[in-house]
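Assemble chain B onto chain A, guided by the hints.
Number of protein chains: 2
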Amino acid sequence: MNRSELVNQIKTKRSFLCVGLDTDLKKVPQHILNDEDPIFAFNKAIIDATADYCVSYKPNLAFYEAFGVKGLISFEKTIKYLKENYPNHFIVADAKRGDIGNTSAMYARTFFDEYDVDSLTVAPYMGEDSVTPFLGYKDKWVILLALTSNKGSHDFQLTEDKDGERLFEKVLRTSQQWGDKENMMYVVGATQGRMFEDIRKIVPDHFLLVPGVGAQGGSLEEVCKYGMNADCGLLVNSSRGIIYASNGEDFATVAAEKAKELQIQMDAELKKHGI
Amino acid sequence: MNRSELVNQIKTKRSFLCVGLDTDLKKVPQHILNDEDPIFAFNKAIIDATADYCVSYKPNLAFYEAFGVKGLISFEKTIKYLKENYPNHFIVADAKRGDIGNTSAMYARTFFDEYDVDSLTVAPYMGEDSVTPFLGYKDKWVILLALTSNKGSHDFQLTEDKDGERLFEKVLRTSQQWGDKENMMYVVGATQGRMFEDIRKIVPDHFLLVPGVGAQGGSLEEVCKYGMNADCGLLVNSSRGIIYASNGEDFATVAAEKAKELQIQMDAELKKHGI
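Chains as they are written, first to last, in the UniProt record's numbering: chain A, 1 to 275; chain B, 1 to 275.
Mixed in with the good hints, there may be bad ones.
Which copy is meant is left open, because identical chains are indistinguishable; a pair holds if it fits in one copy or across any two.
[To be verified] Only pairs whose alpha carbons sit at most 25 Å apart, straight line, appear in this in silico DSS-like list of lysine-lysine:
no., residue 1, residue 2
1, Lys138, Lys26
2, Lys70, Lys80
3, Lys181, Lys27
4, Lys83, Lys70
5, Lys260, Lys201
6, Lys225, Lys27
7, Lys201, Lys162
8, Lys138, Lys271
9, Lys44, Lys26
10, Lys272, Lys181
11, Lys162, Lys140
Keep in mind the hints are simulated off the structure, nothing from the lab.
Chain A with its partners taken away, still in its complex shape (with noise of 0.2 Å):
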């Protein structure tokens, strides 16, 4: 999917939420327990609420990568079920990657190539050869960690260098030179709040994915506040928050219910932004 698709989907849908699929049989409602495969069946009744009202899916690799190769095979047919039946929706292939550059040219393959994913999410640390691999396919995307979600983004990303330039800022900085606004984003999480402004002033027209809202604690006001630009340039991902909102028979409708209240928060936020 290009950008001009993305942002289409976003202004009809009056919607920009990812819906990540972090499927974890502890978590799944006891009955889904006695289907063949769970993780598809819980993704499937999943994927079939809550697509109207969010343009995205992001399947955490971890929690497929888990059940080893039958986790495996729950990915591909839930990644075969979106795209033939929900073939607008921009998928997230999230799976932190990034090695030296002949492996990262396997993992761009893989899931570029075999599972034809939209987009991956990869780490920066190893630098220019580890990402650019993933940079040569027509409509498919990057998403490099920038600024992440968790207690731990603390540790590294915000060290300031001799110019006091954080490395997070590095990261967005040095890497424009390796792809743009049509084949790259970045994560940057909810709860970083205001370092939104900061972010923009390097990145302001290059789409962001944002974790955190709900379970992790971000608003997504003010991720909207700070982080909006005139193409909304957010997709904003709940997981915990809308597919374990219900551990009973309801789980779907409530997950439905859960991303229905966050798209309506969100066509009011893309109004207040003239979009």
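Then chain B, alone, in the frame of chain A:
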């Protein structure tokens, strides 16, 4: 495997070689492709041929994931084969994972409980809570990226903060509050030469996993000169230089010769250092 067992293996076998299983079906000998599971068939032949000359194997997950479910089955079979037939070899899953706490916990469960490998490479960008979930497992290791072997290592890892401390040095220093020499190692590229001196000032006793000898141009002699400690403290990896030394029917024999060449050099280096 714990630290003293690893040191014993090195002293007994007179080798600190780690063979990287970056198994790429585009590079394996043609005749292997006729096998039902060519990745595993190749690995098995390489392992049987080189086990006497090395103390460790390092499958790189990217190369297995590239083949989806089939690749993951080959990975699982390789780990099982190693554990059953060569239980004294230290297994590194080279996956460079690292995510927010609950996700890292999922990865830890996958690699340490399910696959039961000895160690996992982890990226430090997301800080403490992305790394510590991997540290609670008995005789299991985090191998944290510090100063990698690739060109892109210069982009961020060498950035100096206000006090002149470089990012990789901060990673080494800070992470010692999370783990110790019994459960944490560091990745330092063989291409980094005298930087090993600076690294040993911060982590004199830790093991270092050193990729980059061979195809990437690093020098074993230099690595040992500046990086070896009283317990050896090094696992030097070679992947392409061993496993693709021949792509004929003699590939395993030639891989064994290459591994043996390195083992002989390593024996000499150990003696030079009184080990």
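The hints, checked one at a time:
Taking the shortest Cα distances, Lys138 and Lys26 sit within 25 Å of each other only across copies (23 Å), while inside one copy they are farther apart (38 Å). Both within a single protomer and between protomers do Lys70 and Lys80 lie at most 25 Å apart by alpha-carbon distance, with minima of 15 Å and 17 Å respectively. In this assembly of identical chains, the alpha carbons of Lys181 and Lys27 never lie at most 25 Å apart, being 37 Å within a copy and 35 Å across copies at closest. Both within a single protomer and between protomers do Lys83 and Lys70 lie at most 25 Å apart by alpha-carbon distance, with minima of 20 Å and 22 Å respectively.
Taking identical chains as interchangeable, the C-alpha atoms of Lys260 and Lys201 are never at most 25 Å apart, the minima being 31 Å within one chain and 55 Å between chains. Taking the closest pair of Cα atoms, Lys225 and Lys27 never come within 25 Å of each other, the shortest separation being 33 Å inside a single copy and 52 Å across copies. Taking identical chains as interchangeable, the C-alpha atoms of Lys201 and Lys162 lie at most 25 Å apart whether they share a chain (20 Å) or sit on different chains (22 Å). In this assembly of identical chains, the alpha carbons of Lys138 and Lys271 never lie at most 25 Å apart, being 32 Å within a copy and 54 Å across copies at closest.
For a Cα distance limit of 25 Å, the shortest separation of Lys44 from Lys26 inside one copy, 17 Å, qualifies, whereas the shortest one across copies, 36 Å, does not. In this homomeric assembly, Lys272 and Lys181 come within 25 Å of each other (Cα to Cα) only inside a single copy, at 23 Å, whereas the closest approach across copies is 54 Å. For a Cα distance limit of 25 Å, the shortest separation of Lys162 from Lys140 qualifies neither inside one copy, at 35 Å, nor across copies, at 37 Å.
Going through the hint list in order, the structure does not satisfy hints 3, 5, 6, 8 and 11.
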